[in-house]
Amino acid sequence: MSADPVAVDQGHRDGSPPPDVTVILPVYDTMPYLTGCLDSLLGQSIGLDRMRIVAVDDGSTDGSGRQLDRYARRYPGTVTVVHQPNSGGPAAPCNRALDLATGRYVFFVGADDRLGPEALERLVAAADRYGSDVVLGRVVGVNSRHVHQEVFARTAVDVGLADSALPLSLANTKLFRRELVERHRLRYPEDMPIGSDQPFTLEACHRAARVTVLADYDYYHAVRRLNARNITYLSRAEERLDCARRLVEFAVGLIPPGDERDAVLRRYFRFEVAALLDDDFLRLDAPTRRLLHAGVRELAGRHLTAAVRGRLPVETRLRIGVAEHGTPDDLVDVIREDAERGVPPTVVEGARRYAAYPGFRASHGRLPDDVFDVTDAVDWLARFEVTGIGWDRDADAGPALVLDLRTPLPDLGRLCPGPPRLTAGELAGDVRPATATGGTTLRARISVTEVLRASAVTGQRRAVHLTLPAPDGRPGSAPLRAPRRVRFPRPMVRRRGRRWYAVSPVTDGSGRLMISVVPLTPRRVLARLTARRPS
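If you count by our numbering, then the sequence shown holds residues 15 to 549, one letter each, in order.
What the hints contain is simulated information worked out from the structure, not anything from laboratory work. Note that the structure is a prediction, hence the values are computed from the model and not measured. Incorrect hints may appear among the rest.
Beta-carbon label-pair distances, calculated as ranges [stated by the list, open to error]:
hint	residue 1	residue 2	range
1	Gly61	Asp408	48 to 54 Å
2	Glu193	Gly432	49 to 55 Å
3	Asp113	Pro31	51 to 57 Å
4	Asp294	Gly432	22 to 28 Å
5	Pro90	His198	28 to 34 Å
6	Pro203	Pro99	16 to 22 Å
7	His198	Asp522	31 to 37 Å
8	Thr401	Arg323	41 to 47 Å
Where is the CB? At the ideal position from N, CA and C, for every residue including glycine.
Using the sequences provided together with the hints, build the complete structure.
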């Protein structure tokens with residue numbers, strides 16, 4: 015069933031009331047995940063009479079368009095389908111659907127994701143109760159997809175960009191009051207192949223009279239595709255640079271100088287800009303390295319204020335500083351130190367401390383000492399490298415992941431007034447001193463049973479951090495790094511209830527350690543066995 019604006023208008027002239035919420039569903043080659051997404055929408059407790067689905071097929075080639083038509087035939091008046099030639103990204107389909115939306119609210123769903131059964135009913139009830147223009151329901155990862163959880167620590171009726179973790183959650187998977195959207199004519203920039211939802215979401219949150227966070231239910235299940243073939247995963251370095259530049263410039267043009275702008279820029283420099291300089295930088299060819307180096311240098315020179323720079327993680331701040339003052343080869347040397355050799359030594363001179371990366375006080379003189387100054391970087395003290403990873407399957411308290419950790423700092427006990435803590439999301443591990451030679455060495459344990467118990471049934475992925483108390487009372491926290499020379503153990507397969515899961519330590523694109531929990535299905539087990547079969 016294909017639809018256009020006229021067909022939709024006629025559908026509301028039959029006397030039926032407008033829906034409470036229009037669900038906007040951009041679709042491009044998402045089978046078989048699309049079926050689960052549609053079933054989760056049509057099974058919503060809010061009822062079909064209070065919702066509509068506007069699905070825009072953006073030139074799918076895998077049968078997604080035909081599947082949408084089948085659902086439209088089964089649910090006339092609820093599912094509207096628009097077919098259009100491929101536009102190269104989700105912006106145009108979302109804009110087309112916004113033009114067709116009716117009712118009081120709109121909600122965006124990725125076609126490979128799904129909703130909890132009560133999601134829409136709870137979201138609309140909260141928006142009505144609190145008079146909210148934007149409502150965020152807790153998002154959880156599926157198939158070990160990592161989702162920042164800071165903003166979902168607790169339910170909050172009224173949050174802002176400057177006083178909460180809202181800048182970390184600028185995806186469009188939220189309930190928006192349609193009157194706000196149309197009053198400000200909020201639409202997606204169609205010339206952004208990736209990241210186009212963020213300007214829309216940021217402006218909505220900035221202009222909203224109230225933004226509410228709900229942490230009482232798993233509203234949105236964000237799925238990591240097993241074949242990882244969506245446009246974000248496949249985007250090129252040039253597109254990621256353009257996305258970062260556009261996002262930073264949009265925020266600067268939208269938000270006046272002050273705490274709110276600084277909070278948003280911290281997010282963009284911490285994630286979108288920093289991702290341009292992650293460990294994968296080493297795999298790029300020389301022209302692409304030069305392109306990214308020049309782009310980061312320009313962005314930092316124009317928009318990285320002292321207030322924003324001072325709140326960035328030390329690794330991000332240091333790499334951006336090298337990009338500002340050094341060459342692409344200087345960046346390669348610094349990134350390789352992290353990726354292949356681990357944490358560098360720390361040079362102590364009186365009251366100052368410096369990270370002795372390659373280029374520090376080199377004869378070429380390109381990189382000033384300030385770039386490497388970590389004196390006031392509390393998170394530098396927590397920079398430990400992983401020197402060994404293994405399983406303890408026979409522990410009295412149950413199986414555990416065991417991590418050997420080291421920092422070159424020999425005087426950590428003097429610098430920190432209390433013991434270190436290891437965390438993986440909301441989970442805490444056990445940390446104890448180990449034999450130290452020329453530095454500080456720790457051994458940490460994380461209970462596999464606790465990891466499984468705390469993970470969603472659909473799987474989850476948690477970043478592992480070490481946190482240290484500093485003399486001034488501020489905690490310093492840093493992600494653990496696993497250099498490429500470290501050997502990783504095979505996944506541990508464990509049962510939870512009736513299901514089996516693979517628990518494994520993994521790293522992200524910048525070598526940061528994460529614990530992955532993935533449910534095992536018969537198809538995945540067969541794929542593993544096939545992969546191990548000798549040829």
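Structure-based check of each hint:
Checking the proposed 48 to 54 Å range against Gly61 and Asp408 shows it holds: the Cβ atoms sit about 53 Å from each other. The supplied range of 49 to 55 Å is met by Glu193 and Gly432, whose beta-carbon atoms lie about 51 Å from each other. For Asp113 paired with Pro31, a C-beta distance near 21 Å fails the hint of 51 to 57 Å. About 36 Å separates the C-beta atoms of Asp294 and Gly432, a value inconsistent with the hinted range of 22 to 28 Å.
About 33 Å separates the C-beta atoms of Pro90 and His198, a value consistent with the hinted range of 28 to 34 Å. Between Pro203 and Pro99, the C-beta spacing of about 19 Å keeps the proposed range 16 to 22 Å intact. Take His198 and Asp522: their Cβ atoms lie about 35 Å apart, and the range 31 to 37 Å holds. Here the CB-CB span from Thr401 to Arg323 is close to 31 Å, at odds with the stated 41 to 47 Å.
In this structure, the hints that do not hold are numbers 3, 4 and 8, in rising order.
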